[in-house]
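Engineer: Chain residues, written in single-letter form:
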Amino acid sequence: MGATIVIFGASRILGDPTVLFLPEEGYGLDAAELEKARQKLHLDKPVPLQYAFWVADILRGDLGQDLSDRHPISTKLKDKLPPTLRLAAAAYVISTLIGIPLGVLSAVKRGSVWDIAGRTFALLGQALPIFWVGILGILIFAVWLQLLPAGTQGEGFSLKHYILPTLTLAWFPAAGYLRLMRSAMLDVLDSEYVKLARAKGVGANTIIWKHAFKNAAIAPLTFSGLLLAGFVTGSVSVEVVFGWPGIARLAVEAVQTNNLTTLSVITLMFTLIYVVVNFFVDIIYGVIDPRIRYS
Amino acid sequence: MAEAAPETTLTGRGRPFARAFNAFRRWPIVSLVLISILSFVAIFAPLISPADPIKSNIRDRNAPPFWYGQWYEENPKVTKTYILGADPIGRDVLSRLIYGARISMMVVMVAMVSGTVIGTALGLVAGYVGGITDEIITRLVDIWLGLPFILLALIVAITIGAGLLTMMGLLAATAWTPFVRNVRGEVLSLRERDYVSLARVAGASPLRILIRHILPGVTNTVLVIGTLRIGQLILTESFLSFLGAGIPPPTPTWGAIIADGREYLRDAWWVSVFAGIAIGLTVLALNFFGDWMRDTFDPRLRQV
Numbered sequence: 001m002g003a004t005i006v007i008f009g010a011s012r013i014l015g016d017p018t019v020l021f022l023p024e025e026g027y028g029l030d031a032a033e034l035e036k037a038r039q040k041l042h043l044d045k046p047v048p049l050q051y052a053f054w055v056a057d058i059l060r061g062d063l064g065q066d067l068s069d070r071h072p073i074s075t076k077l078k079d080k081l082p083p084t085l086r087l088a089a090a091a092y093v094i095s096t097l098i099g100i101p102l103g104v105l106s107a108v109k110r111g112s113v114w115d116i117a118g119r120t121f122a123l124l125g126q127a128l129p130i131f132w133v134g135i136l137g138i139l140i141f142a143v144w145l146q147l148l149p150a151g152t153q154g155e156g157f158s159l160k161h162y163i164l165p166t167l168t169l170a171w172f173p174a175a176g177y178l179r180l181m182r183s184a185m186l187d188v189l190d191s192e193y194v195k196l197a198r199a200k201g202v203g204a205n206t207i208i209w210k211h212a213f214k215n216a217a218i219a220p221l222t223f224s225g226l227l228l229a230g231f232v233t234g235s236v237s238v239e240v241v242f243g244w245p246g247i248a249r250l251a252v253e254a255v256q257t258n259n260l261t262t263l264s265v266i267t268l269m270f271t272l273i274y275v276v277v278n279f280f281v282d283i284i285y286g287v288i289d290p291r292i293r294y295s
Numbered sequence: 296m297a298e299a300a301p302e303t304t305l306t307g308r309g310r311p312f313a314r315a316f317n318a319f320r321r322w323p324i325v326s327l328v329l330i331s332i333l334s335f336v337a338i339f340a341p342l343i344s345p346a347d348p349i350k351s352n353i354r355d356r357n358a359p360p361f362w363y364g365q366w367y368e369e370n371p372k373v374t375k376t377y378i379l380g381a382d383p384i385g386r387d388v389l390s391r392l393i394y395g396a397r398i399s400m401m402v403v404m405v406a407m408v409s410g411t412v413i414g415t416a417l418g419l420v421a422g423y424v425g426g427i428t429d430e431i432i433t434r435l436v437d438i439w440l441g442l443p444f445i446l447l448a449l450i451v452a453i454t455i456g457a458g459l460l461t462m463m464g465l466l467a468a469t470a471w472t473p474f475v476r477n478v479r480g481e482v483l484s485l486r487e488r489d490y491v492s493l494a495r496v497a498g499a500s501p502l503r504i505l506i507r508h509i510l511p512g513v514t515n516t517v518l519v520i521g522t523l524r525i526g527q528l529i530l531t532e533s534f535l536s537f538l539g540a541g542i543p544p545p546t547p548t549w550g551a552i553i554a555d556g557r558e559y560l561r562d563a564w565w566v567s568v569f570a571g572i573a574i575g576l577t578v579l580a581l582n583f584f585g586d587w588m589r590d591t592f593d594p595r596l597r598q599v
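So the sequences go chain by chain: Y and E. Numbered as in my numbering, the first sequence ends at 295 without a single skipped number. Numbered as in my numbering, the second sequence ends at 599 without a single skipped number.
Hints were generated in silico from the structure; no laboratory data involved. Keep in mind that this is a model prediction, so the values were computed, not measured. Ideal Cβ placement from N, Cα and C applies to all residues, glycine included. Just so you know, not all the hints are guaranteed correct.
Some but not every residue of chain Y turned toward chain E, in silico, with C-beta under 8 Å [as the list claims (entries may be wrong)]:
#1 Ala127
#2 Leu136
#3 Leu139
#4 Val236
#5 Leu263
#6 Thr271
#7 Tyr274
#8 Val275
#9 Val276
#10 Val277
Just chain E, with the same shape it has in the complex (with noise of 0.2 Å):
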């Protein structure tokens, strides 16, 4: 009986909703499940999307979604039944939800790799010369999340104007800093090691300790923080292409749909919507996935 006990508390077996929860958070299939899911879409997007989300077709501007049956029979010129409805220019929601996953997953895979590489190299370099090296790093990474990111990301937005690669580098610029902070973390205890001694005694070089030695060290530590790091990557850039400072138009992100909707929420719910239901269910099985990561491959980034 005493046994038993606490182990009830822990999984709340019993309880359908507790169970339910606790199943999606400690087996990571869900979310998985849906993380493959986007990817399928985003790499497969010209075959399933129904339309094309660029064309507009003004006729059926602000179409409501299917099961709006009445209104597309008072309604009877236009064109067709959209899934999840047309946006206030005519555009298959659906569709520009569906190339919104294909443009955002490219820009955030690529600001992620970019921000990981960086960040992870910074980090080991920084653990593992210390002295002058690391106080510049560990200062440049202080300085780094003092500034208000958003507005710095609008200023350059101005200046060097919005677009695909630009986007690329501001969500780079904003994913390094916790890699270089952990990474160096890892460094400082992994380079007193006796493997790494014995590998300098070797004759071994600085160059060829970080890479073949210490990084393989790293390993999970970078997996688990990159995990954890692109729901926000994700949320950053629909944010910024909600403010009109991402991809220019007509190119469908999910902030731009949402932004496109925002005028319209009396007539239009659906567009802002669904696109917001889209990044939400993305970056929840994100954060989920990376959660369960984090607790089997490094619990001690509990804090992160």
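Extracted from the complex, chain Y is given alone in its bound form (with noise of 0.2 Å):
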């Protein structure tokens, strides 16, 4: 709710939607039909109900035109959509695979080669630019070793196509879990009830997995919503930079193009996806870990 007038206020009120959606005057369009036009778009009402109408829209299904080529935004959403998902959901299940068993065992063998090897990975995935990592990986294994595709030019998606992309992408959540998961994990096997077990005489493992990571894990999963933020900054630094033909290329495409109901479409959905993974998480947080709930 709040996020829709942001998104709107950003995209009418900092400028003239007219200016952008018609061509100018010197090319043959009289006041007359500038104002005609206006009209049909509600644009000569005052802001709010402008708003108003923007929202009834979006609710009725009507995403409204694409500025550039008038097709509807709908069916453009509906080609790019499926591709922008895939490559996170895969990027997500990397970055946990890599991330919280790295993390584990960071903390497990604290201040060992892996714990060391661990941190660096973790610290630099926070500290180089997506985009260049995807740039510095396509000069690596593409230009140089020759073994990647670059990009996903023509027809073929193979699987080929998406190490280079989901890796790019993965890094950076995948750091974030494992430093998470790793000082969470420290804080557990410095606990009363770990040492008690220690002391009782439980293996090593039994108490790393079924006493320490049980509870370690929750840490990470309240930061799935966070992550989650850092994907859109991902995506569009993955996208833009492999080619790949989801909706966050389409976004930036639609920056060249000054194409903004494209784009305030887009942010919208971002923003949707956002709260509702939100809520999901909020939801599997509570089943996982009862004290949230009763309190």
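Fit chain to chain and form the complex, with the hints in mind.
Structural biologist: Structure, rendered in structure tokens:
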């Protein structure tokens, strides 16, 4: 709700959309026609009313037309959304598979080579710009070693096309998971009940996985929502660098053609995804950790 | 023997790599030196840079770094040797990097200061006044965090046009949220302290209490968050510049330099690669320094 106001505000109040929507006067459009078009698009009404029309249209499922080619945005999104979701899902799975176990390993073998390697991996993942990592990946694996394709030109979509984009997108969240998992694990391993288990003579593996891991794993889970916000930036980076045919690249292309309607709808969509995922994270969180439910 | 064992695992004594890593982490000297060098370079850019960052010399397009001696022998018409090569329209990459540091630093510092002031002020007010004011400010932060910032920034870049001021405004707009959250939390506990109650009894106005009695209590938090946040701002700035929504060309910014070299990876890898290394090193140094600040001044912020 609040989000729609901000997006609308950013796209409307800051600039007059008629200027973008219609060709300039020099293109043979007289003032009367301009006025007619403004009326058709409700642009002659006050801003709050414009906002009401915009929200009403979206609720009815009418996302509006693309400013550059006048095609309805909804059909465009239908083509572009699945590749984005596929890539994000793949990267999410990979980041969990890399970040969580490495975080545990790093905490259990604290100070070892594994720990140092894991933390270096995490520090670099949080310091390097994602788009540059993608470019570097292309340079090393596609240009120099010629092992992997550089982008997704052409129709053929194979597993090979996924490797570089997925790893690039997964690095940043994996780094986040690793750091969170490591510090949570260190906290838990230092707790009283783990010491008691150790004193009782419970085996090291049982302590790590059964006693410590279960409790420590809650911390990274709560951060899934925040990591998701990072995924938006990541998706834009990766889709631009690798020419991925998804909605994030559509958004960036929209910038080049001053395509406000498309960009606003995509922004709204990402916000919606964020809200929905956060809602589910909250539910899962409550299921896993009963203390949350009762508090 | 029993005492020595945990100590060994903590500092990684005996393993050279581990020891270096821990020295880097525990002592902010390395990061500080890096940050100082960078600031020095940024401030004295016109004195240091070997060439004009904007003047292009098309004959030297994509000239490689100096160690490609053979290339320079084969192309005697090149006007000079470039230390880090030349970009696709024949501009000196090193000079562009140096001036890029200047631009990025300036933009990020201005944005950081404004974001810090706004965020801290809102956090102070939310925490101290409470009630509906608190509710509104907290909700505002929640909504803000839920928005896909990059896309919003692109919308703004279209509607009011990309430029230096837009970029500063946008970065300030992403910088303020963590200050509100953490300062608010601190204030909630600080305002119940005895010395604050005493000040109130003594008749100090709310503004005076906030500035004289509560603000000093949150400065540590603010400084730590600020340092931890600068790195992210640099990354955001470079990304927006990379997407073409930053300061318009020919002004050199690190993100724009990476974008310049992107189409020419095969012929001139040095354009994109060095700019990325510059960003990575800067952010790494800032993150290290921020981590150290946090561990030293405000260990409770571990989860930030």
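Engineer: Could you check the structure against the hints above and give me the numbers of any it violates, in ascending order?
Structural biologist: Hints 9, 10 not satisfied by this model.
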